[in-house]
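Visitor: Dock chains B and C against chain A, hints included.
Protein chains in written order, with this note's numbering: chain A, 1 to 591; chain B, 1001 to 1339; chain C, 2001 to 2341.
If you're looking for bench data, these hints aren't it; they were derived computationally from the structure. Be aware that one or more of the hints could be misleading.
[Unchecked claim] Where chain C lies over chain B, by a calculated footprint (3+ residues, C-beta under 8 Å):
#: 1; segment: 1224-1237
#: 2; segment: 1311-1317
#: 3; segment: 1327-1334
[Claimed, not checked] Just some of the chain C residues that point at chain B, by a computed CB distance under 7 Å:
#: 4; residue: L2056
#: 5; residue: H2082
#: 6; residue: F2095
#: 7; residue: S2100
#: 8; residue: A2101
#: 9; residue: P2104
#: 10; residue: F2105
#: 11; residue: K2125
#: 12; residue: V2126
#: 13; residue: R2128
We put the CB at the ideal spot given by N, CA and C, even for glycine.
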Amino acid sequence: MLRRRLGVAATGAVLALAVAACGGGSGSSTPSSSGGAAAGSDSKAEFNAALTQVVNPSDKKGGILKFANGGDWDSLDPGDTYYGYSWNFIRLYGRSLLMFKSAVGKEGNQLVPDLAEDMGTPSDDAKTWTYKLKKGIKFEDGTPVTSKDVKYAVERSFDKEVFPDGYTYFNDFLDWPKGYKGAYKSKDVNTDSAIETPDDYTIVFHLKQPLSNFDYFAQLPATIPVPKDKDTGAKYKEHIISTGPYKFEKNEIGKGFTLVRNDKWDPATDPNRKALPDGYEVSTNVNADDIDNRIIAGDLDVDVAGIGAQPAALGRLLSDPAMKANTDNPTSTRLWYTSINGNVPPLDNIECRKAVEYAADKVALQTAWGGEFSGGQIATSMLPPAIPGHEDFNLYPPGADNKGDLAKAKEALAACGQPNGFETNISYRAERPKEKAAAEALQQSLGRVGIKLTLKPFPQADYFALYAGKPGYAKENKIGLAQNGWMSDWPDGFGFLQQIVDSRVIRDTGGSSNISVRDPEVDKLIDQAMKETDTNARNALWTQIDKKVMEGAYVLPNVWTKTLLVRSKNATNIFVNEAYGMYDYLGMGVK
Amino acid sequence: MVTYIIRRLIWAFVMLTIVSIVTFAIFFLVPRLAGATSESLAARYVGRTASAEQVKIAAEKLGFNDPLVVQYGRFAKGIVAGADYDYGPGVEHCPAPCFGYSFLTRLPVWPDLMDRLPVTISLAIGAAVIWVIAGVATGVLSALKRGSVFDRAAMSVALAGVSLPIFFTGIVSLVVFSYGTPFRITAPGGSFTPFDENPAMWAYNLILPWITLAFLYAAGYARLTRAGMLETMNEDYIRTARAKGLNERTVVVKHGLRGALTPILTIFGLDLGLLLGGAVLTESTYSLPGMGKYAIDAILAQDLPKVMGVTLVAAFFVVFANLIVDLLYAVVDPRVRLG
Amino acid sequence: MSFLELKDLRIHFPTDDGLVKSVDGLSFTLERGKTLGIVGESGSGKSVTSLGILGLHKGGRARISGEIWLDGEELVGASQEHVRTLRGKKMAMIFQDPLSAMHPFYTVGDQIIEAYRIHNDVSKKVARKHAIDMLGRVGIPQPERRVDSYPHEFSGGMRQRAMIAMALSCDPELLIADEPTTALDVTVQAQILDLMRDLQRDFNAALIIITHDLGVVAELSDDILVMYGGKCVEYGTSDDIFERPEHPYTWGLLGSMPRLDREPTERLMPIKGSPPSLINVPSGCAFHPRCAFEERTGGRAATQVPELLETEGGHLVRCHLPRERRRAIWENEIKPNLEAS
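So that you can see chain A by itself, here it is in the shape it has in the complex (with noise of 0.2 Å):
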């Protein structure tokens, strides 16, 4: 095998990681000074470089791309899988109606056609949706995908018991016939009322409620075409028909699989996917750190997951310029927030809510996370900068250190009529280190104010379920603050926002993420959102709604997650697609 690509540039790599392996840290060799060929092409590689343009474009094609994960799909099923990572390479194998664009930054998290030939035609009232299917496109035995095959994937991802990892987008908003379970279970129903192919080549969704951005469900995974013929339900994920570019050669769940060109593809159908690469090799259920220091020395290219370097790695890379040089810093969908309960008293008066948005000590919080690079960028509102629609505005400015206001706390404190401060809890989930340092960070920063934060762990499990998201508990235990986080599905205000700022899905048997937002305006605002069809307009309402939280003091923003990504040196088209806040696996080719 044709493994030598580095050549001599790898002794001083070694070196490099061989100080830092025995403790060392600050190695000082730099790799590139041995005239390495990985920096060879691209001169002006620079951190962050890949967040606005293509790093070392390129046609070529050939090659195979080595991806690692450190865990393991939830699912490679269309039908059954909800990580953001899964639907960016899902598109490598799988077409669903509309996809986001591959391409850089913000230019990614636009929607274009990809089973379909246009995006989708909403009736007047947005309930109804219709989309064309183009013509041409088939399986990877060469059958044509029609819309039956698409509307079989929606009802058999209905099932949740076959199903358990997946959304429920589609069962709760289209119109299924009452009792519907699903494709398997509901073998013989009707279910015209919830999806309509009047041919073979037209699709019509029927919801339930108005639902403006229906486009953004069009994109989901569930929408890629399934045969009814060769689906196992379960057991499909081992055996997946292709649409896309790519198809399962080899698969072992839990171990790894390998991607090879579907000779069924049409690139003619098919104008969103480059299909440089000849192959992919994918390993699942890697060691993490062992993915880092591989992608560090070129024998792989892609942490798929997209989680960014792990803490042993990143102080290396980090510190030494060469390597930093070649890493990009994406700001992800996620934030992570602090619910400000106003069901328990003081912090039922807005005035004792606004003292804690003043008293953090936004720096202590962000180190908490994880610091600058793989912490988070300090958040000021709830949407995160990826999301249309997000507007940078302060509406409690935490001093010019960032470090806090205390006299505006203070005063905001005395308006309170709690001058001297009150006592309250924390919540945690108590598995997660930093959701505790972030807790312990803001203990520290509001008792500067008198607000006494006593800590409160509670297992992940039944966070929500018993504890924090559980009203009654909450009040009765008063928990004042809970720390919470919150990744939007899809770049986009009702993505992002609606679980979390609809008080209308704060339910008393608990379970909800909305924990604190309970603003009649807000959902106002949102149902006006659902409808609106005007995407700039609907954009617009949800700045609106995230000034409204912000201006009820509801929340407390943290930080908008980053993580640190490393370059593969032996790949091109190397950026990253602001839909998944990670490199955009579409694009990528070899070198």
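Guide: Structure of chains B and C alone, referenced to chain A:
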């Protein structure tokens, strides 16, 4: 002898049953005692932000609503008689021994185990060959040249070997011999090549883990062999062997080493039995898809059927190795009679 | 020249505490068909002497000097490899405790076969037949069955017989038996001694019996050599030693000799004190601190090392007491006491 073996086999069966009950209790009973409900348990095995309805379905599907005895009975029955599993479009029969279906992947556990076993066996056997040869040879030479420079050096290295953890020696070995080096011994994780597919690649991918693992064990075996040899070489029967006119090599190997072999063989059997259940640290460090990696992944993911399965298989090897060692003991030392 | 001749043999072991002079100037001769008994307490150097003849004294560390002539060959200066080829074949040894001296993991037969095949290029089958013959000859019943037994399956006496069979398997010309009966009870002792006498006659070998017990060699030996502190203190025919002993140490040994008509633990005249340290050998006569007649030497015993001198007809004694004095003591003070008991 036959009755002895039968008695031991019955005992082995009892042991495995106890192991399965204890494992089951740790992962199924203890959380219940700590207040977990069937729903809160099921919540681990559904997608993120799953609705209460979704969790309820999962709890029912995974059988969490049944009494624990019924749940254990179902598990035990599957091993003996097989089980049926509804995978969606149809029902599949999982033949005995059916170790159940993963809570996460919803795939049967037994084929996974059978798939992982060759990796662990390859790792364990290969390392064992290296450590036995290297360890015993070093121990014998050290004992014969007691106090020499070789003896001191070998025993220092041996001390290092037994005290350095795999995750240190393993990473050092990767840094030196693999990451970015021109020869790049071992590819990234999951790079196991079955022996019958390509013996050369099989060995190539395993050589680093073998040596790292063998280093840990060889050290102990060297010390054990050395101590044993120092003892046996002072035995009267060694003098007798010399008095017969045997050459020194025969005296050392046939009489000396043979006399020192019994404790080594005992330890070896137990070590190998344990390793066949999975070398957790080695497999994790090198991302080898063996039983140990499977076990640690299953435990971290709380995938209980997998944990049960891998625990039982590992326990089987330990119990089995014990039995073999006891039987071998009688072969090695004729003074031992089984009854 | 004699069949076996030792000339001024010295075997010294350097240790951290000092030089251990286990054998310090020993000379004797032995002919084929004759038996020599070497008698002494433990630590007197008798076992080291026998190991030295076989070249089995701890190789690298021991300093050996003097000459050992066996059938016209000098062994001290010979190569280790050459001496090895003689071991088992030309000279063989019977060890004290056959349970520990035989390998516990091999059958008795295997161990005899191994001994035989080192020196005889024969098939396993032939060697096995020979082993069975040998076991039969040493009086083991059902040898064809017992050949496959392990040492621990034999009784003590049987084990010693097997040990003898192993030593005799290659028809050695010199046989050294180191305390061959010590581990056995009294009746079995007698049987083994009878067996050894018969076999020696049949094989016409030169036999050295090493023991701390004069009783063992009484009937078997032609000559007896008494060792003390690494040196020979008295040497003579069996008659010389039993009828006309002249060394106070020999008297002591005779006095403490267990006899069949006495309880084995009962000692009439035990020798007071304990054997000398071989590192700090007492000045003068090594035996003088324990000697009941030391004061009769006029102080010489403590300062001067006595020579080994012939009294008459090959009877050698190492003692400062004048010969007449020794004889008088034996006749008047020791002998009557021994007979009275």
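Visitor: Taking 7 Å as the limit, does the beta-carbon of C/P2104 come near enough to a beta-carbon in chain B?
Guide: Status holds, d = 6 Å.
Visitor: Are 3 or more residues of the segment 1311-1317 of chain B near chain C, judged by a Cβ distance of less than 8 Å?
Guide: violated (count 0)
Visitor: Does the closest beta carbon of chain B sit nearer than 7 Å to the beta carbon of C/H2082?
Guide: With a closest approach of 11 Å, the C/H2082 hint is violated.
Visitor: Interface hint check: C/F2095, Cβ to nearest Cβ on chain B, cutoff 7 Å. Holds or violated?
Guide: holds (6 Å)
Visitor: Do the numbers back the hint for C/A2101, that is, is its least Cβ distance to chain B under 7 Å?
Guide: Hint on C/A2101: holds, closest Cβ of chain B at ~4 Å, below 7 Å.
Visitor: Does the closest beta carbon of chain B sit nearer than 7 Å to the beta carbon of C/S2100?
Guide: Since the shortest Cβ distance to chain B is 4 Å, the answer is holds.
Visitor: With a cut-off of 7 Å, does the beta carbon of C/R2128 approach a beta carbon of chain B closely enough for the hint to hold?
Guide: violated (16 Å)
Visitor: For the restraint on C/L2056, tell me whether the closest CB of chain B is nearer than 7 Å.
Guide: holds (6 Å)
Visitor: Return the status of the interface hint for C/K2125: holds when the least beta-carbon distance to chain B is below 7 Å, violated otherwise.
Guide: violated (20 Å)
Visitor: C/F2105 was flagged as interface toward chain B. Is the shortest Cβ-Cβ separation under 7 Å?
Guide: holds (6 Å)
Visitor: Less than 7 Å between beta-carbons is the criterion; does C/V2126 satisfy it with respect to chain B?
Guide: Not OK, violated: C/V2126 not within 7 Å of chain B, min 18 Å.
Visitor: For the segment 1224-1237 of chain B, does the count of residues with a C-beta closer than 8 Å to a C-beta of chain C reach 3?
Guide: Three-residue rule met by the segment 1224-1237 of chain B, so holds; n is 3.
In terms of the numbered hints stated before, the structure departs from hints 2, 5, 11, 12, 13, listed from lowest to highest.
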